[in-house]
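Novice: Single-letter residue listing:
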Amino acid sequence: MGDRIANIERIRREKRLKRGWTLEEIKKRAAEERERMKLEGGKEPDDFASGGDMSKINEESEEDSHDR
Amino acid sequence: MLPSHIEAENRYHQLRTLALQLAQDDSKSQHQAPLKFKLIDSLALQEAAHWELSPRRLVDWDWFAGYHDFKRRYPKRFEVALWQAESLVGLSMGRPTYNGHSLRLDFIEARPKDLGPRPLVVSETLVAYGVYARLLNASQIRIMHPINPEVRAYYEQFGYHYRQEGDFLYKEVV
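So the sequences go chain by chain: A and B.
Numbering that gives the first Met the number 0 numbers the first residue of the first sequence as 0 and each following residue consecutively.
Numbering that gives the first Met the number 0 numbers the first residue of the second sequence as 0 and each following residue consecutively.
To be clear, the hints were calculated from the coordinates, so they are not data collected in a lab.
Remember, it's a predicted structure, so these values are computed and weren't measured experimentally.
Among the hints, a few may not be true.
As the list claims (entries may be wrong) - Computed spacing ranges between beta-carbons, pair by pair: (1) A:E39 x B:K27: 13 to 23 angstroms; (2) B:E85 x A:E24: 25 to 35 angstroms; (3) B:S41 x A:N6: 48 to 58 angstroms.
Beta carbons: idealized from backbone N, C-alpha and C, even for Gly.
Based on the provided sequences and hints, a complete structural model is requested.
Specialist: Next up, the structure:
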């Protein structure tokens, strides 16, 4: 049963990747994600930053070695 | 600058603007003082320079120089200047991966709390990245280089998974 559902999810996802998202779907997902994050997210750290070395942007490779 | 670069800059500017608009529309009912999702402009960069006054700031990023480097290099980038009540509360920038399968969030910083209260910046920013990822039809969002375990754990609460090789968290866009 679980495998069957996973297969259906995979097929739906592949179809969507082929045709893209409609604006209505994007809006709906944004609303769902915002709600979910409100429930799932704990307290945001008081001081928050995340990322690499901003002074080395020009030295970075544009290619992503872990790209699919 | 090559004509193809200018063309990409213009084309993706429209997508960036649309993504910010969609993220903002959906956030309207969520906050007493509405959030504004904007592109990074000179005003935002001036405001961000004030963050250097905070002794609690975790990074020494120069947003002015960094943004201009990033902008010049990546016409397909995404960027968010998050405002509330005329105050800048967050900045971020990212870009699609080379083959376009994923959207990266390369840098994000929230205004340090000692400079004033602020709304949730990370989750709001991630909503906007989700919108842009879908407009590009990217299949994954990657958050690059979490700076410490607390930050990494915070992202994991939202269903992101850490990958040591490459030092990023990822989540499928579904």
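Novice: Does each hint hold? Answer for all of them.
Specialist: Against the structure, the hints:
1. A:E39 x B:K27: 13 to 23 angstroms: 22 angstroms, holds
2. B:E85 x A:E24: 25 to 35 angstroms: 33 angstroms, holds
3. B:S41 x A:N6: 48 to 58 angstroms: 51 angstroms, holds
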